[in-house]
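J.: Spelled out from the first residue to the last, the chains are:
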Amino acid sequence: MGHPLVLVPVTGLTPRQSARRELGSLEAKLSYGCLPGTRVTDWVARQQFITLCDLCVGKFNPKKYGYERWHQPFYPYSTSQCLACKTVLTKCRTFTHESLQAFVGHFPRRFGKGRWGMGH
Amino acid sequence: MNLAYLLNGGAPLIKRYKSGSTFAAAGGYATITADGGAGVVLGLATTVADQVGLSLDTTTYSTTQGDAEAVVSLIVNPDAVLRIRMGRTATAGTQLQVTTNSAANTAGTGITITAGDDAPNSEEKDEGTIACVSGANLGQSRKITSTSATVYTVTVPFLNDIASGDQFLAVPWTPADVVGDNVNLTTNLQEGRQDIAVGTGADLRIFDLEFDYASVSHARRQSFVYALFDDHVWRETT
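Same order as they appear, the protein sequences are chains P and V.
The opening position of the first sequence corresponds to residue 1 in our numbering, with each subsequent residue numbered one higher.
The opening position of the second sequence corresponds to residue 1001 in our numbering, with each subsequent residue numbered one higher.
Chain P extracted, bound-state conformation (with noise of 0.2 angstroms):
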């Protein structure tokens, strides 16, 4: 006639189960909103320069935090590494705090504006 049906109490977990699930829990809600791999607000809350690369910067929001994209001429990247995976890259994008402006230099690319500007 088969097997009988065994019931399994859901609410029963094992030890490892429910260490495993609270485990999960908390990674969750510490991904959520930060960058991975590492703390960059840490960064932010010391005013240092931010370097993070293509796949971390949309995590950035550098408004938020008062940091703007730090342009220089001819190429807008730097060589490092990213603060967020540690990834070393020749195409990071580089925010530095809005009070430092002033000394490190601003060069800001004007692609948009002019009569040869890309234009919107």
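What you were told as hints is all true, and nothing was included just to trick you.
Label pairs and their in silico Cβ distance ranges: (1) 1009/V / 18/P: 56 to 62 angstroms; (2) 1218/V / 90/P: 36 to 42 angstroms; (3) 1139/V / 58/P: 45 to 51 angstroms; (4) 18/P / 1234/V: 51 to 57 angstroms.
Hints were generated in silico from the structure; no laboratory data involved.
From a predicted model like this one, the values you see are computed outputs, not experimental measurements.
Quick reminder that beta carbons are idealized off the backbone N, C-alpha and C, glycines included.
Chain P is fixed; fit chain V onto it per the hints.
T.: Chain V in isolation, oriented as in the chain P frame:
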């Protein structure tokens, strides 16, 4: 000082180094530490050896447990060309002193100071550069090849006669020159000082000069010297 560009035209390489001193302002530079130091240290205004790079942010050095480790972001390229505003004193933000010619010179080779101007030979400006910011020779500059207590002399004449009342800027730098190099920086390391004898200061090699000839006021406030670190640790010369 700011990054102007790299000689190779590429992207700057930014590295973060442990710091053994406080960097109070971005736009300074770091040198390697002495034995026993905790990391790179803030450079000096006058003497420099073993530069590591241009600083991009600030950091506070602390040996207190619980404090964040001091780390500073540096542009470490040895071929980074630095753009340094010209100032006059140890304090940043001052304007350059103008020399007003007091004796007409039809040869176009001598500029005689007016009483109250800096003496050409104190601080010594021989082998520096003199630029005309007002008068018939506006926009021209020449290398200074000799000085006396009252006269700057150039070997290559200015194109036109130098009239009484013409105004000039004399600076202790000449690009690609064996004597007219080095930059004595202001206390905050942001600017280069005009009021210092030629050849003295931090070990920087002069790459270019930029005078804003739009007006005398512009020239006094918005002129820049471009220089490279001359004893950079990644250049592996010393």
